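Colleague: Sequence:
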Amino acid sequence: MKQEIQEVRRIPLEGVRNTRDLGGYRTKDGRSIKSCRCIRSGQLHDLTERDKEILTREYSLAVIVDFRTHAEKAESPDPEIQGVAYIHNPILEEKTLGITKEKETDNDVVSMVLNGLGDGKEAGVQYMKNIYGNLITNPFSVKQYSNFFQILLKQETGAVLWHCTAGKDRAGTGTALLLETLGVPREQIIADYLKVNEFLAEGINQSVKELVEKTGNVQLGEQLRMLFSVQEEYIQTIFEMIDKEYGGMERFMKEEMGLAGDFSDALKNKYLM
Numbered sequence: 001m002k003q004e005i006q007e008v009r010r011i012p013l014e015g016v017r018n019t020r021d022l023g024g025y026r027t028k029d030g031r032s033i034k035s036c037r038c039i040r041s042g043q044l045h046d047l048t049e050r051d052k053e054i055l056t057r058e059y060s061l062a063v064i065v066d067f068r069t070h071a072e073k074a075e076s077p078d079p080e081i082q083g084v085a086y087i088h089n090p091i092l093e094e095k096t097l098g099i100t101k102e103k104e105t106d107n108d109v110v111s112m113v114l115n116g117l118g119d120g121k122e123a124g125v126q127y128m129k130n131i132y133g134n135l136i137t138n139p140f141s142v143k144q145y146s147n148f149f150q151i152l153l154k155q156e157t158g159a160v161l162w163h164c165t166a167g168k169d170r171a172g173t174g175t176a177l178l179l180e181t182l183g184v185p186r187e188q189i190i191a192d193y194l195k196v197n198e199f200l201a202e203g204i205n206q207s208v209k210e211l212v213e214k215t216g217n218v219q220l221g222e223q224l225r226m227l228f229s230v231q232e233e234y235i236q237t238i239f240e241m242i243d244k245e246y247g248g249m250e251r252f253m254k255e256e257m258g259l260a261g262d263f264s265d266a267l268k269n270k271y272l273m
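FYI, the working numbering numbers position 109 of the sequence shown as 109, with every residue one higher than the one before it.
These are calculated hints, taken from the structure and not from any lab test. Some hints could be false.
[Said to hold, decoys possible] Derived pair list, reagent style DSS-like, types lysine-lysine, alpha-carbon separation capped at 30 Å:
#	residue 1	residue 2
1	K209	K195
2	K195	K214
3	K73	K209
4	K34	K143
5	K244	K143
6	K268	K34
7	K143	K73
8	K254	K129
9	K195	K34
10	K195	K154
11	K154	K28
12	K52	K195
13	K73	K214
14	K195	K244
15	K268	K195
16	K34	K52
17	K244	K268
18	K143	K154
19	K73	K129
20	K52	K270
21	K154	K268
22	K28	K143
23	K268	K143
24	K52	K268
25	K254	K143
26	K73	K154
27	K154	K254
28	K214	K129
29	K34	K154
30	K34	K270
31	K154	K270
32	K254	K28
33	K195	K143
34	K268	K254
35	K195	K28
36	K28	K129
37	K28	K268
This structure is a prediction, so every number in the text was calculated from the model and none was measured.
Can you build the whole structure from these sequences, using the hints too?
Modeller: And the structure:
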């Protein structure tokens, strides 16, 4: 019998829209993720003092893992938070269109769209599916996700927060890999992933509006929406490629990410109750 999909709720911060505690998600074996242990987010540059207090006092924030490139990090550095460790663990070797959203890359994305990404919705969808496929086949990216899991395995107390820029692609992929490993049903993983569109709707709509006003081309605006939002097809690419290329998640984790032995049980013991 399918488990009921649980509500995906954001942490009510003032400066960041796409931050949520994964605590409470139930697993297929009847357990659930501990609260105040696993937090996914977008970049933290605009955190207010009140936000910092919420994260440290209410959510026991202990470690921040930054998935952004060096250029993104320099553009919008995370603020220092007293008592919180910071780990830079870039998932990409350099800027990649459609994932990073620093100022220079925003312009690159717009230029790419204007120069003919392709006609219709499918061109944008295929472009993003290719990016997601690269996240789990590129050796550098796979190694960096392995580092992320090692960080989670070593963390004894407090919450680990991981983020990229928008908190949708690199952070979304890392979250999906973690939830799958912990045994969260696929339907819940997808529900968590798709919630990005609601949390970031205001910013996405503004970007689309500005492009349409600049070009007068509504279709280009919708192509941009494909790049700045998420679709179920994107994250399904991760699962499909892992099954096809590696023979399943467990083999991918052990053989490609180098997480040997009983790492899955260790994660479950640490983060489930």
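Colleague: Does each hint hold? Answer for all of them.
Modeller: Hints versus structure:
For the suggested pair K209 and K195, the alpha carbons sit about 21 Å apart, so the restraint of at most 30 Å is met. Only pairs whose Cα atoms come within 30 Å are accepted, and K195 paired with K214 is accepted, the gap being roughly 29 Å. Under the criterion of a C-alpha separation no larger than 30 Å, the hint pairing K73 with K209 is consistent with the structure, at around 27 Å. Proposed proximity of K34 and K143 is supported: the alpha carbons are some 26 Å apart, at most 30 Å.
Only pairs whose Cα atoms come within 30 Å are accepted, and K244 paired with K143 is accepted, the gap being roughly 20 Å. A distance of roughly 10 Å separates the Cα atoms of K268 and K34; the hinted pair therefore holds under the 30 Å criterion. Restraint check for K143 and K73: satisfied, since their Cα atoms lie roughly 20 Å apart, inside the 30 Å limit. Between the alpha carbons of K254 and K129 the distance comes to roughly 24 Å, so the proposed pair stays at or under 30 Å and holds.
Between K195 and K34, the direct Cα distance comes to roughly 20 Å. Compliance with the 30 Å bound is thereby established for this hinted pair. The straight-line distance between the Cα atoms of K195 and K154 is roughly 29 Å, inside the 30 Å bound, and the hint therefore holds. Between K154 and K28, the direct Cα distance comes to roughly 24 Å. Compliance with the 30 Å bound is thereby established for this hinted pair. Between K52 and K195 the alpha-carbon distance is near 23 Å, which keeps this suggested pair within the 30 Å criterion.
Between K73 and K214, the direct Cα distance comes to roughly 29 Å. Compliance with the 30 Å bound is thereby established for this hinted pair. Pair hint K195 plus K244 holds up; C-alpha atoms about 27 Å apart against a cutoff of 30 Å. The straight-line distance between the Cα atoms of K268 and K195 is roughly 24 Å, inside the 30 Å bound, and the hint therefore holds. With a C-alpha separation of about 21 Å, the suggested pairing of K34 with K52 holds against the 30 Å cut-off.
This hinted pair checks out: K244 and K268 have alpha carbons roughly 25 Å apart, not beyond 30 Å. About 17 Å separates the Cα atoms of K143 and K154, which keeps this hinted pair within 30 Å; it holds. Among the hinted pairs, K73 with K129 is consistent with the structure: their alpha-carbon atoms are about 25 Å apart, no more than 30 Å. This hinted pair checks out: K52 and K270 have alpha carbons roughly 25 Å apart, not beyond 30 Å.
Note on K154 and K268: the hinted pairing holds, with a Cα-Cα distance of about 13 Å set against a maximum of 30 Å. Annotation: proposed proximity of K28 to K143 holds, straight-line Cα distance about 28 Å (limit 30 Å). The suggested pairing of K268 with K143 holds, with an alpha-carbon distance near 21 Å, which does not exceed 30 Å. Note on K52 and K268: the hinted pairing holds, with a Cα-Cα distance of about 28 Å set against a maximum of 30 Å.
Annotation: proposed proximity of K254 to K143 holds, straight-line Cα distance about 12 Å (limit 30 Å). The suggested pairing of K73 with K154 holds, with an alpha-carbon distance near 24 Å, which does not exceed 30 Å. Distance check on the hinted pair: K154 and K254 sit about 17 Å apart at the alpha-carbon level, within 30 Å; holds. With a C-alpha separation of about 27 Å, the suggested pairing of K214 with K129 holds against the 30 Å cut-off.
Pair hint K34 plus K154 holds up; C-alpha atoms about 16 Å apart against a cutoff of 30 Å. Restraint check: the Cα-Cα separation between K34 and K270 comes to about 9 Å, which is no more than 30 Å; the hinted pair holds. Among the hinted pairs, K154 with K270 is consistent with the structure: their alpha-carbon atoms are about 10 Å apart, no more than 30 Å. As the CA atoms of K254 and K28 are separated by approximately 21 Å, the hinted pair is consistent with the 30 Å bound.
For the proposed pair K195 and K143, the alpha carbon gap of about 27 Å is at most 30 Å, so the pair holds. Our distance criterion of 30 Å between C-alpha atoms is met by K268 and K254, whose separation comes to about 16 Å. Simply put, K195 and K28 have alpha-carbon atoms about 21 Å apart, close enough for the 30 Å limit, and the pair holds. For the hint pairing K28 with K129, the CA-to-CA distance comes to about 27 Å; that is within 30 Å, so the pair holds.
Taken as a hint, the K28 and K268 pair is honoured in the structure, with Cα atoms around 12 Å apart against an allowance of 30 Å.
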